[in-house]
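Join the two chains into one complex using the hints; note that each chain is given alone, in its own frame.
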Amino acid sequence: MDKKYFVSSSPHIYTQDSIPKIMYTVILTLVPAGIGSVYFFGLRTLWIMAIAIVSAVAAEAIVQRMMKRPVTVYDGSAILTGLLLAYNVAPSVPLWLPAVGSVFAIAVGKMVFGGLGYNPMNPALLGRAFLLASWPAHMTIFSGAVPRGGTVSGIDAITNATPLNVLKAAQDVLQHPQDFSPAQKMEASEAIGQLYDSIEDLFLGRIGGCIGETSVVLLLIGAAFLMYRRYIGWKVPFTYVGTVALLTWIFGGADGLFTGNPIFHVLSGGLILGAFYMATDMVTSPVTVGGRIYFGIGCGVITVVIRLYGGYPEGVSYSILLMNLLTPLLDRWTRPKVFGGKKKA
Amino acid sequence: MSVTSEFTKGLYKQNPVFKQALGLCPTLAVSNSVESALGMGVAVTFVLLCSNSIISLIRKIVPAKIRIPIYIVVIATFVTIVDLSMAGFLPALHKTLGIFVPLIVVNCIILGRAEAYAGKNNIGLSIIDGLGMGIGFTMALLLLGTIREFMGNGSFMGIPVMGPAFEPVLIMILPPGAFLTIGFVLGFFNWLENKRAK
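Chain order of the listed sequences is A and B. Under the working numbering, the first sequence is numbered contiguously, ending at residue 345. Under the working numbering, the second sequence is numbered contiguously, ending at residue 543.
Looking at chain B on its own, in the form it has when it is part of the complex (with noise of 0.2 Å):
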């Protein structure tokens, strides 16, 4: 147990999305721009370290019978921090998001990682382990919003890259491109996956 493959298993060997298939909602509802996707990421990122850190800390303390609820007030502290923030100094972006900022809170990697791994380890592990999961989840965000930023809009990151002739396929925009692009890439990778198995 290396501390670098702490870290990489969370880009792609357990890549929340794509591997453990945790924390779809945010992915498929907010994926529809570049822009949102990185934001989402970032947010979640940096929600996962906390957490993570705070609850490798106390996990001598909490009794296990209430540790679930003793996380969720860990994990909503640090999301009440990132929604005043971004409320505070990116309010476009807050407003995009909506609703999916306070969501964070019942975000199912970061209980996920707060169960199966702060809970277990101690804190250098678990920072590694959040920063890892956080930069993960974020690039898969940031493939599917790019994905259907490009296709449903033309553009990357607000900026027109298609020139003028082209017509969206705004279906890629709307909530059915968000299940279309993510089974197609969890395909893409499955397939991945057998073919380097052979």
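Just chain A, with the same shape it has in the complex (with noise of 0.2 Å):
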């Protein structure tokens, strides 16, 4: 018989992707960045990503034994998650920090829900979450986080806070005018225009931060890669960064409405590594175009305000872990009409 005749039930379209494929495919595009980190950082982030990277994997196998469910720890999945988790810790944590915040995130950010695709958030930010919560001390002090050739602060004059805390800090200052004595404006204003000229070190990752956030410029090369694949759509990144942007220069600046410097908060801080590979997973993000682009918006107006208005210097995890729970209300409120459907009633 001709194959051309050949009658199959659908699907009659179907993929070669698979999870594996799509999961070790992300790995790969965030190896520059790794590369990038331990030449600015040092060995020693290798190290903190292997624990980290290990520590998933081995939770994901007990717990999976322990539900007596089938061991899938192959499908590379935990292994995304350890390295991002690595990627969201500075590289002068202890190394016991990274394992504890992998095993939280497999064992209560997944298996807890149910394993891959039933986690409402994603299992790396809420490990991140945890370690925040539990050890600030660790997770917020970037002193020992110094690049090759560079500061952390990005600027000769500040030694030991990364740019957003250092903004934070000066915005502080010049948001109290009747707090601070003049030489102090002077200090925080010439900071602010010392961090505005050091794009090209933000850029390039010649900065402080936590392991894998701070190169942009390798960031960008593996997302484009995801990107051309589709692994990754254009609508959570572009929505997500451009309402940073938007919003950033309309209310950033000190000296009223549209003086921020946009440029400056989309290169620093966790942004890039957020937007394009942690708002865009694909368990926990919404399915709809609709949803996607509200989703992308809301990831951006949070980070925004907490980057501007809140306590902390840096809003990328919580505005995702937010917008995450979100997602199923998005899906619903974008479902598209069915063809051949009616109208809503």
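Keep in mind the hints are simulated off the structure, nothing from the lab. As the structure is a prediction and not an experimental result, all values here were calculated from the model. Any given hint might turn out to be false.
[To be verified] The calculated PhoX-like cross-link candidates involving lysine-lysine, where the alpha carbons are at most 25 Å apart (straight line), are:
id, chain 1, residue 1, chain 2, residue 2
1, A, K68, B, K543
2, B, K364, B, K354
3, B, K540, A, K68
4, B, K540, B, K358
5, B, K405, B, K465
6, B, K540, B, K364
[What the hints assert, rightly or not] Interface residues of chain B toward chain A, partial, derived using beta-carbon atoms under 10 Å:
id, residue
7, G497
8, E512
9, V514
10, L515
11, M517
12, G522
13, L525
14, G528
Note that CB positions come from ideal geometry on N, CA and C, so glycine has one too.
Here it is, written out as structure tokens:
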């Protein structure tokens, strides 16, 4: 019989993509940023990545064995979670910290809800939030994260805080002028000026920060490949970054509206890592077109609110976690009309 | 319906927190240390014991339509006694527990036992029931308080037990830690129950 007339049931169009293939591709695209962090922060970062990955995989295997489910650690999702968690801690953290974070991310962030595909929130970010709440000192002090050929803040005058930390402190001075001396105010506005001039350092990653978040250019190389392969869409990351840029331009300046520096805000902190690798997680982001756009805008709004008005210098992880929780609702509100279906009643 | 089974049902089989999932608000809020867990447990046990006996005594003269407000008045009386004595004799504990002492009035375990048990049974059984439920609640709080204080502060009853190298898991004594702990403990008891049923 000629194969052309072979009759089969649907689906008729399918793809060769599988969970392991997608997961390992994402991991590969994260490798440049990892190499970059080893270059900037030293071999210790490699240990942190290895420990985070091994504990994530081990935790998944043990929990799946305990739950009497098939052990699926070879699909790469646990490796990816471990790697992303390692990218979310500072290079100077004690080595047990990424291990604890990975175990929490996998056991509580993923397996408790039923495993891959059922987790409401990004496990790696949940692990980070857990670490941040439990050991705030280790997670917020970056004075040990001195990059090769640069300073933690990217400017020479200040050596122990990340760019966003410096910006937050300086903005605080400028917004409460009555509480500070003229010399401090001068210093603050000078620091902001220098920060805005250090865009090149931010772009290359020659600043302090979490392991995987600093080098924008290396992250973008990986993200471009993922977009080319269509493993991540453009809607979430572009609306996310765009919203952050727009809002920081309007509200981010100290001299009134439309005086902020959007480029600085986009390149600093964990925004690029978050927008391209964590907000786009297939499990925890919406599936509809409208849902994705609202998701990106929501992430951007929350990030800017935390950065400019909140207590923390950086808000990427919390914004994504909060929007993860809204994902089912966004999918419901933006459900497209079924072809041939009736209008909404 | 023996006296022993009326007492022991509150300890495990119908444990107010782990089996009936009642009184979760104080359970989550004050279980961040063993000391406050014990204080809350004893306070609730006392109120439960007293309210159960009074409500059991007056159950035949209380009109059915307005029984809930009458129960609340009885409960509130004893909560006020607890509140004022605690403020007088244990001011430090009173300060730690804060708003959760007056909130014992609306603790659903107490009203639940009044409605489900004391309003229908004689005083002897009601006292036994109140005592069992109160001790069950205290045990639940102590279990959560021990886990949370140990992990979140590295201590038991305020005495450090973990040595200086231990860096406490701060989240465990914060509100999220309460939800995490109770989730895992409830899951553990459900798992135990399922295993036993098999």
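Outcome of the hint check:
At most 25 Å may separate the alpha-carbon atoms for a hinted pair to count; A:K68 and B:K543 meet this at roughly 16 Å. Among the hinted pairs, B:K364 with B:K354 is consistent with the structure: their alpha-carbon atoms are about 10 Å apart, no more than 25 Å. The hinted pair formed by B:K540 and A:K68 meets the criterion: a straight-line CA distance of about 14 Å does not exceed 25 Å. Only pairs whose Cα atoms come within 25 Å are accepted, and B:K540 paired with B:K358 is accepted, the gap being roughly 15 Å.
Straight-line distance between C-alpha atoms of B:K405 and B:K465 comes to about 9 Å, which keeps the hinted pair within the 25 Å bound. For the given pair, B:K540 sits about 15 Å from B:K364 by alpha-carbon distance, which is consistent with the 25 Å threshold. The interface hint given for B:G497 is met, as the beta carbon of that residue sits about 8 Å from the closest beta carbon of chain A, less than 10 Å. Checking B:E512 against chain A by beta carbon gives a least distance of about 6 Å; that is within 10 Å, so the hint holds.
Below 10 Å, beta-carbon pairs count as interface contacts, and B:V514 has one with chain A at about 5 Å; its hint therefore holds. With a least beta-carbon distance of about 5 Å to chain A, the hint placing B:L515 at the interface is held under the 10 Å criterion. Of the supplied interface hints, the one on B:M517 holds, with its beta-carbon coming within about 8 Å of a beta-carbon of chain A, less than 10 Å. For B:G522, the suggested interface contact is upheld, since its CB lies about 9 Å from the closest CB of chain A, less than 10 Å.
The criterion of a C-beta within 10 Å of any C-beta in chain A is met by B:L525, whose closest approach is roughly 7 Å, and the hint holds. Taking 10 Å as the C-beta contact cut-off toward chain A, the hint placing B:G528 at the interface holds, the least distance being around 8 Å.
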